[in-house]
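**Student:** Take a look at the letters that make up each chain.
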Amino acid sequence: MNHKNHRAAYNKILAKQNANSFFDELHSPFNKAMALKEADHCLYCYDAPCIQACPTSIDIPTFIHQIKTGNVMGAAHTILKENIMGGTCARACPTEVLCEQACVLNDDAGKPVEIGLLQRFATDHLMAKSVSHPFRRAARTGRTIAVIGAGPAGLSFAHRAAVLGHDIHIYEARDKAGGLNEYGLAAYKMADDFAAREVDFLLGIGGIEIFYGTSLEQDLSLPDLSLANLSLNNLQDKYDAIFIGVGLGGTNDLGLDGEAMSGIADAIDFIENLRQTDDLSRLDLGENIIVIGGGNTAIDAAIQAKKLGSPNVALVYRRGEDEMGATAFEVELARKNGISIHLWSKPIILHGKNSITAITFEHTAIKDGKLTGTGEAYILDCDMLLKAIGQKLAGTGLQDLATKDGKLVISENYQTSNKKIFAGGDCVLSGEDLTVQAVEDGKQAAIAMDIWLRDN
Amino acid sequence: MADLTCTIAGIKSINPFWLASAPPTDKYFNVVRAFKAGWAGVVWKTLGEDPPVINMSSRYGVHFNSARDVIGINNIELISDRPLEVNLQEIRQVREEWPDRVIIGSMMAPIDECAWKELAIKIAEAGVHGIELNLGCPHGMCERGMGSSIGQVPEMIEQTTRWVREAVDIPVFTKLTPNITNILWAAEAAKAGGAHAISLINTVNSVISVDLDAMAPTPTIDGKGSHGGYCGTAVKPIALHMVAEIARNPETRDIDISAIGGIENWRDAAEFISLGANGLQVCTAAMLYGFRIVDDMIAGLSNFMDEKGYKTLDDFRGLAIKNTVDWNELNMNFDTKAVINQDSCIECGRCHIACEDTSHQAITFDVAADGKRTFTVVDEDCVGCNLCAIICPVPDCIEMQPVKNNLPYLTWPEHPKNVMKDVD
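Chains as they are written, first to last, in the numbering used here: chain A, 67 to 522; chain B, 491 to 914.
It should be emphasised that the hints constitute simulated quantities derived from the structure, not laboratory data. Wrong hints could be hidden among the right ones.
When the alpha-carbon atoms are kept at most 30 Å apart in a straight line, the in silico DSS-like pairs for lysine-lysine are as follows [to be verified]:
1. 304/A - 82/A
2. 82/A - 147/A
3. 862/B - 177/A
4. 862/B - 98/A
5. 103/A - 862/B
6. 147/A - 714/B
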C-alpha cells in the first residue's frame, strides 16, 4: 500500500475517534480472580523494600494483604492515604524501576509481584464503589492557600492541605485540571478519561476551588477582582501562603537552523493534541516521523504515532540504551510496536525549505569522558520531527524566586527563597519527571507548610 | 516397582487405596469409574433400613485459605438416600464385574439388636468382603440415635460390633468418631466387641463458616445452618494422632487399622502407614479433583518405597510408632538452633518479625548502606522453636541444626529441676 492510500485507510478508522475511544489499554486490569492469585504471591515482607522504593512510601505489603482478606476498600485506603493519585500511579508509574524492582521475589522466583496492577485493582474498586470521599478534613484553620498549577503536585498538595483544614484556591492556566496526567501521559496508559475522573474524586475532599484559564501574569479570567493581576506579589497579599506546582512549561530546542519549519513540533504538544482532539483523523501525522530524545515522553510520542497509523516512526537518541531516561520496559515496548531505534546519533542538519524533509545525523561516541561527534553522518527522510529533549521552567512570573539549572531551588521544607512560597513537582530542582514524585512533593509540602503556618 | 498389595482384616487388596464411605461410593456408576481409575476398593456409602433417608439441598461448606485452596470441607449429608435393595443389587453387579476389587458395606442402625443383625445379614448376602459399622456420622443421623451418638459411648460401640460379629462371618470394621475425649476408649471397645479392624477417623464436628450477610452458618439452608462433619487435609493431623495412639497402645496395637482423614497424596498415605495403618481410605481429595488422583498416589508411594528400598508396605509399616512417645520420654538435653543460609535468603524479613514479635527476639535485622538487609540468628537467645524455619518462604533457607553438646539423654521425670522427680 502506498503512503497516500495508507493514510486514507487509517483516517477512515480514526474519523470521529478520540484518544479514549481509539487506544487500547497497555495493561489489562486484573479481575478479582487474577488479583487474588497475584496477591497470594506477596510474601508480606517486614519493613519491605518495595515501600522504601515507592517515592510516596505506600505500605504495599499491607494493601496486598488487605486484597487477600477481601478488604479491598481498606487496601485502597492504605494506598490513597499516602498517594491520593494512586490510581494514576498504578497506571503510569515505571514500577519496573520502583516498587517491583525492589520486590524480594526478583531474587528467588525471578518474577516480582505485579504491584502496579494490584494497586489499580484496589483504587479502581474504591472509585467505582465508594459512595463518599474516603478522607475527612480536620477542623477549618481559617487559612487560605493559593496553588499555582493543577497538575499532580498542585492537586496532591491541595488535597493534603484540605485534609489538614486549610482552604485552597488553585489557579490553572488551562481549562482542565490534571496537568501531565491529562495532557502528557500516553493515551494507552490513561484510558477511559481516568485523569479527569481522578480529579473529580480528589476534589471530593472539599475546600478546594479551581480557577481555570488563569496563570501568573497572563490572567485571562481572574475570578477575584481584588487581584489587580495574578502576580506572586498580589497573591502574597491575599493568601496565607502559596504553593507552586507549575511543572515545566517550556521545552528545549535542538539549536539548529530551520527549527521553525513546519513539520517540527514538541513531542509533548503532539501528545497533548492527540489526547485532547475529538477527531484523530484531523491530527497532523507524518509518514516518516522522527522522534528525538530518550525519555518516556519520546517513547510515548513514538508509540502513539505508530499506533495512529504512521508507517515509519524512528526514535533517535544521542547516547546508548543504558543512558536512556526511558525504562528498559518502555524501550522494549517501542520495539514491539515497530519503532526503529537509532542510538549514538545526534541531528546536525535539518533539511527543507518551508517544511522539513530530512535530517542529517552524526554518529556519536564517548571520547575522553565527553560525548562527541565521530564525523560519520547519515540522512533519514523526515516529514515530521518531534522533539523530546527535555523541558524547562516556563518562567513567567517566577523571576523573583531563586533558581538553579533552570529550576526552582527549595529547602528541605519545600520553601523557595521566599518563605511564604513553597514549591514541588517537576518545576523544582529535585523534580524527577515522575508523577509519583510530584504527588509526594505536593503531600510533603502541604505537611511542611501546615507546620510553618502554625508559627506564621 | 515396589509391591503395593496389602491385607487388612484378612482381605487382600491390590493396593492400599480405598474410597471411604461417602458420596463418591454412592452407586454403581461412581464405583465402576473409581475401579477403572485404579482404586483397589470402596466402602459403599452407608446403608440403613428402609425407607431411605431424605437429604437436604445445600450440603457442603468450605474452608479456603487465602489462595482459595480448599483446606477442608464439611457436609450435612445423611446416609444413602436410595432404597436398600437398589444398593444391594448394584453391589452384586460390581462384585461380579470387578472380582479383584474390594467392596465393604457400610451400615448403621438404631441401637437395636434385630435392626443391626438383619441389616448386616442382608448386606453380607450381597457379597461384600466385609462390613463397616458407621458409628461416627456427627450430623443428622446422631439426632436419630445413630452414628456418633453410638460412637461416643464405648459400651454401645462394643455392643453393636458384637451384634454384627454374631450375625455375619465376614470381617467387621468398626468406624470411630473423633468427636470424643479419648480415642483409646472407643478403640478398646471395638476390640472387645470383636472387630477385625477399626476405621478412623470419621468427620470432625464443625461449623465451617458463618455467612455474614445471612448471619447464618454455611452451608445455609433457607436462612439456617447446622453443624456438619469436617474433612479434608485440615483434619489429617487429628487423624494421624488418633491412629498413632491406637497403634502404640498395648491394648489395641494388634488390631488392623484402616486409616482415614485428609489423605490427599502418596506422602500422606506413607505417613499413616508409618504409624501402623494397614490400609487407607480417601474421600475429600477425590471429591476435589476426581478419581484420577489415585494415579499419583500409587506412583508416588511406589517411587518412595523404591528410593528407600522398601519392597512391600510391611517393610515400613509402623516404623514411626516406636518414635512416637509421650512428652515425658523426650530428651530435655536436645538443643537445636536456627541457621539462616545467607546465600538463599531473599531478605523478606518474615523470620525477624515473627521472632521479634512473638518468640524470643533471637533474629537481628541490619540494613547496610547499600540497602542490603541481613538477618542473623542470636544463638544464645534461640530456643530452637522452629517458627522461623516454618514461616520462611524459601525452601531450605532456614535450617534447624542440632547442637552437639555431648549431654546424655535426659527426660523430665529424671530432670534435676523436676521437684516431683523423687515423689512416687
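**Student:** List, from low to high, the hint numbers that the structure doesn't satisfy.
**Tutor:** 1, 2, 4 and 6
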